[in-house]
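*Asks:* As a plain string of letters, each chain reads:
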Amino acid sequence: MTASNTTIRSNKRRSFMRRVRKHKLHLIMILPVICWYLLFRYGPLYGITLAFKEFRMLSGITGSPWVGFANYEQLFKSYNFWNVFRNTVTIAALKFVFGFPAPIILALMLNELRLQKYKRVVQSLSYLPHFISWVILTGIFMVILSPTRGPINTLLKSMGLESIYFLGDPRYFRGTLVVTGIWKGVGWGSIVYLAALGGVNEELYDAARVDGCGRWARIWHVTIPGIIPVITIMLILSVGSLVEDDFDQIFNLLNDAVLSVGDVLGTFIYRQGVKNLDYGYATAVELFRNLISLVLVLSANYFSKRVNDYGLW
Amino acid sequence: MSSVPVKRGRRKHRIYESKGEPYFQAFLIIFFAILSITFVYPYWHVLVNSFTTPNFASASGFRLWPREFSTDAYRHMLSANYLWSGYKNTLIVVALGWALSITGVVLSAYPLSKKDLPLRGFFTSLILVTMFISGGMIPTYLLVNNTLHMRNSFFAIVLPQCISTSHVIIARNYFMTLPNDLEEAATIDGANSWQVLWRIMLPLSGPILATISLWVIVSNWNAYFNCLLYITDPKKFVLQVVLRRIILTDSKEMTAASEAVTNTTDTDIVTLRAASIMLATIPIICVYPFLQKYFVKGVLIGSLKG
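Those protein sequence lines, which keep their order, are chains A and B.
Using the numbering used here, read the first sequence as starting at 1 and increasing by one per residue.
Using the numbering used here, read the second sequence as starting at 1 and increasing by one per residue.
Isolated chain B (complex conformation) (with noise of 0.2 Å):
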């Protein structure tokens, strides 16, 4: 028994090493390279559809390397003003989220971060409690749709979920720990409450304000429940909604739809699918490698409020 800790300390270095960790490594690493082929495979077969003939694209089975080589999907699919017009809405959409979210996430932070504001309470309990009790798809719809008549309008889309409320905790925490000090200066030097926030509370909330930002440009890229529940006017539909009627109606219904899409048959969809799935996901993939830690950053910080 006693000699037992005396050879252990011995084979420092061993002991860290069982004896099956090796074999252990290599199940790892052989599992999680089975993972990752599951992460990327499924884009990497629509992307290699996407670039070959609708002949190749109904062939079954597994994909390596586009065989017969086309971008005829690609070049129907581009001069489709249906597409275009997906875009062109969707990034509006994505602005003008991004803006109304920011200004009204900064508007209520802010202030709620003052520990002496009046009715500080109030007001948090009010923002709080709408976490836990809403009203529900159908009064929300009936609110926007009968009551506010904003029917075919992007407000329609952005607005009814343009502040949430976990945004504006975790904004509000972080405001509290920015120091006072610089505050105090300010308003001595005759500075009122917007220049404080402008000149000096702003520049200095840059990390939070970027994630938040990134949270909210990513669900507005990514929405389309609210178009398809406010907007009938397909010039107005967003790349989602546009992505949706491709994806889910049948062949012909979408080349008659489509007036680009001309001649086209069961076959040559499964290409122009595959196109049009790429062309919503390459900006996302393009994007992503750069942004990645900030999201994981994010999502550290929103879970540190629990």
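Only chain A is shown next, with the shape it has when bound in the complex (with noise of 0.2 Å):
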């Protein structure tokens, strides 16, 4: 039995051998990706430590004393710290709950709509936003949802309304960037619905409209089902990003006057980070926040695996 182990294992290790020499050239190719991914996304692992050590610029991240869970302590102490994650959470699920049905709510409706050339324009001048960075799109809202000479206040002056700071007062900014989000994004992430509702059977159409189906059972009974698989997938992907937050906007539309409400994990971590220069302290929050993360893509694969039968992977 031995004997035949050490067979098996040295052919084993002849067919490596034999592999590596016949495929010599493809590894010297793949050499230097592998390089980059240990460097750039497996070197910032190790500077995850910091979130348990004191960062002293001149000790670098190996030297700085370790401080163990010092970081956290003050993290689940700081009233500052729990308003940012329940800003993060808040606006989370604000996104999620108008944010993820409004393109599946497009698609379906473009696809009821009959005139074909129509409905390619709507569909190109929906995608546009995506290709404009929140850079310029703030530029743009600003003009836009400015109180005093955008267009949108003019509308509510003159129908006898207040003109709203949208970007600037608390009770409203939230709902600016769940508005935003969707109109940057909504178009975009149509495509993929609008593909699935072409692919769904149409004799399943022809028997649902003898079986004497209105347009809403129709959509209910057969465009929907059809679709959910996809729908299922952008559901675990969404909720895996929920923590992630929509950084590039609210980085670029967040300002001082509506920081008790917008500010969020990502900016928070910038802030502490780049501009404090509290690296620990940052890192710290940033540990925590893509621990829940990962337990949060996880989990919805794992429902999803037992529901649907159909995970990611």
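If you're looking for bench data, these hints aren't it; they were derived computationally from the structure.
From the three backbone atoms N, C-alpha and C, an ideal C-beta is built for every residue, glycine too.
The reader is advised that the hints may include incorrect statements.
[As the list claims (entries may be wrong)] Result set (DSS-like, lysine-lysine): computed pairs, CA atoms no more than 25 Å apart in a straight line: (1) B/115 with A/24; (2) A/12 with B/114; (3) B/235 with A/275; (4) B/19 with A/117; (5) B/115 with A/12; (6) B/115 with A/22; (7) B/297 with A/119; (8) A/24 with B/114; (9) A/117 with B/293; (10) A/119 with B/293.
[Said to hold, decoys possible] Some residues of chain B that are not near chain A, with every Cβ distance over 12 Å (derived): (11) 53; (12) 59; (13) 67; (14) 96; (15) 110; (16) 152; (17) 177; (18) 178; (19) 180; (20) 181; (21) 185; (22) 203.
Mind assembling these two chains? They're in different frames, but the hints should get you there.
*Replies:* Take a look at the structure:
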């Protein structure tokens, strides 16, 4: 038995060496990319130790002293952190509740539209904001949503309402984030659903019609079940990124007037780390966020596998 | 009961149309017209602001047409050095980022498409794991800034994110669908792996590489955050960062910061901002109609792997 094991092992090794020789050039090709991954994706993992250290500029990450969970004690005691955490959860929940169904609804409505050319024009226009950066969109929204000159507020005033400072009033800022986020992403998000809608079997519609289904019954019993697998995938993906918050959007739209309601984990980490140079504390917050995010992705996938027999991996 | 299907059969074309259908279609048409306006109007508003006098631009309300036409704002902005250097830096970053990304994706996706590559499983998981676990903003910042000393280098902007795992996987899946025969034939003829990759695989993978190129170019064109983190020399700011300063800093700072824009007042800022926003947006709006269908195809390729 041991003898046969050794032969198997040596055979394996021989075949491995043979494969190495055969793929020598392929291995040379992939080497720089693997080095890149080790440096830029695994290198920063070492920096996570900072979450349990007090960073000293001169000693670097390795030389800085360990402080155990001191950063976390400071974190969990701080009112500011809990406020930021609450903001993150609230904004993520709002964005999820309103933002997730929006592209599905848009796709379903576009699907009902008979004028194909018109449909294509609407689609093209709706994709455009996806390509414009939040830096530029911030500039545009500052003009459009301006309380004094903006057209939206002119409209409100002409209807006898008071003008609203959408970007500077804590009561409206989160709503503004949700609406501008949908405005930017709804068209692009609908592409996947429209493709899925195109794949729904036409015969099912005919059958539904013969059975006397109206439009709503048809949508409910044929269209939506047809795109459920795609909706599930998108749901898993969006649950996974819930605490990642749309950093670019909030980072650019955030200002001092709305810090109390708009400051989220991403912007908090940036301020603590890059601006205040409190690297240990910022890394502690970031590790906390990444762990939540990982748990969310894994559990979303787990539930989806149990319920739908359908997971991402 | 039994007569109903017959009746319906006869009016075959009509049953598809319920009585409310024309009204419903009319509703959809009006709804989408309004929706389209909300998608287009914000750009139009800023475009009009940029082509008018500060006086008109600071008026409130909707705009259809610039009543007082003026190109002053563009003349001001185009004579500002920082805008041109922003364009130049962005072009460098886009070109550099594109070259690094495509090289990285091809050099990893092609070997990984070989089923009997030694350590293939290990390499694949090494790459995939990074989709779920990452060091994060601060450790990456310290690595690039303090350990690698890349501050104020364009490589600091593009190198930390030049390879995207999803791009590698998409390209690998594509390479795996290509027929093996060509490659074998070339190998028999004495071609080595580089020649096979260069002469056979790359010419065959035009569509997928074009799609990935578009993604990479757009994301590098819009990228600002790494520049904000690693670049402190204003001469090396990319366009988005220049714009961010113009848009977010208040007018006094801006006039102090810009050498070309002198004697400006608060109202001038409205048109100057509008012009700079337009100068950064117009390139995208110009190429977008031609490239849109490739982007849409790309989304579908990207979602297929799920």
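*Asks:* Now look at each hint and say whether the structure bears it out.
*Replies:* Tested hints:
The hinted pair formed by residue 115 of chain B and residue 24 of chain A meets the criterion: a straight-line CA distance of about 14 Å does not exceed 25 Å. In summary, the hint linking residue 12 of chain A to residue 114 of chain B is supported, as the alpha carbons are separated by about 19 Å, within the 25 Å threshold. As the CA atoms of residue 235 of chain B and residue 275 of chain A are separated by approximately 21 Å, the hinted pair is consistent with the 25 Å bound. Taking the CA atoms of residue 19 of chain B and residue 117 of chain A, the gap is near 24 Å; set against the 25 Å cutoff, the hint holds.
At most 25 Å may separate the alpha-carbon atoms for a hinted pair to count; residue 115 of chain B and residue 12 of chain A meet this at roughly 16 Å. A distance of roughly 12 Å separates the Cα atoms of residue 115 of chain B and residue 22 of chain A; the hinted pair therefore holds under the 25 Å criterion. Simply put, residue 297 of chain B and residue 119 of chain A have alpha-carbon atoms about 17 Å apart, close enough for the 25 Å limit, and the pair holds. For the suggested pair residue 24 of chain A and residue 114 of chain B, the alpha carbons sit about 12 Å apart, so the restraint of at most 25 Å is met.
Between the alpha carbons of residue 117 of chain A and residue 293 of chain B the distance comes to roughly 15 Å, so the proposed pair stays at or under 25 Å and holds. This hinted pair checks out: residue 119 of chain A and residue 293 of chain B have alpha carbons roughly 14 Å apart, not beyond 25 Å. Distance to chain A confirms residue 53 of chain B as a non-interface residue, since its nearest Cβ pair spans about 14 Å, more than 12 Å. Non-interface call for residue 59 of chain B relative to chain A: violated, since the shortest CB-CB distance, roughly 7 Å, does not exceed 12 Å.
Chain A leaves residue 67 of chain B outside its interface by the beta-carbon criterion, the shortest separation being 15 Å against a cut-off of 12 Å. Remark: the non-interface label on residue 96 of chain B is consistent with the geometry, its nearest Cβ contact in chain A lying 15 Å away (cut-off 12 Å). Non-interface status of residue 110 of chain B relative to chain A is broken: a Cβ of that chain comes within 12 Å, the nearest being about 7 Å off. Against the 12 Å criterion, residue 152 of chain B stays outside the reach of chain A, whose nearest CB is about 16 Å from its own CB.
For residue 177 of chain B, the requirement that its beta carbon stay farther than 12 Å from each beta carbon of chain A is met, with the minimum near 18 Å. Its beta-carbon lying about 15 Å from the closest one in chain A, residue 178 of chain B satisfies the requirement of being farther than 12 Å from that chain. Remark: the non-interface label on residue 180 of chain B is consistent with the geometry, its nearest Cβ contact in chain A lying 14 Å away (cut-off 12 Å). With a closest Cβ-Cβ approach of about 18 Å to chain A, residue 181 of chain B is found to remain outside the 12 Å limit, as its non-interface label requires.
Taking the minimum C-beta to C-beta distance to chain A, about 17 Å, the non-interface status of residue 185 of chain B holds against the 12 Å cut. Chain A leaves residue 203 of chain B outside its interface by the beta-carbon criterion, the shortest separation being 17 Å against a cut-off of 12 Å.
In summary, the structure is inconsistent with hints 12, 15 from the numbered list given earlier, while agreeing with the others.
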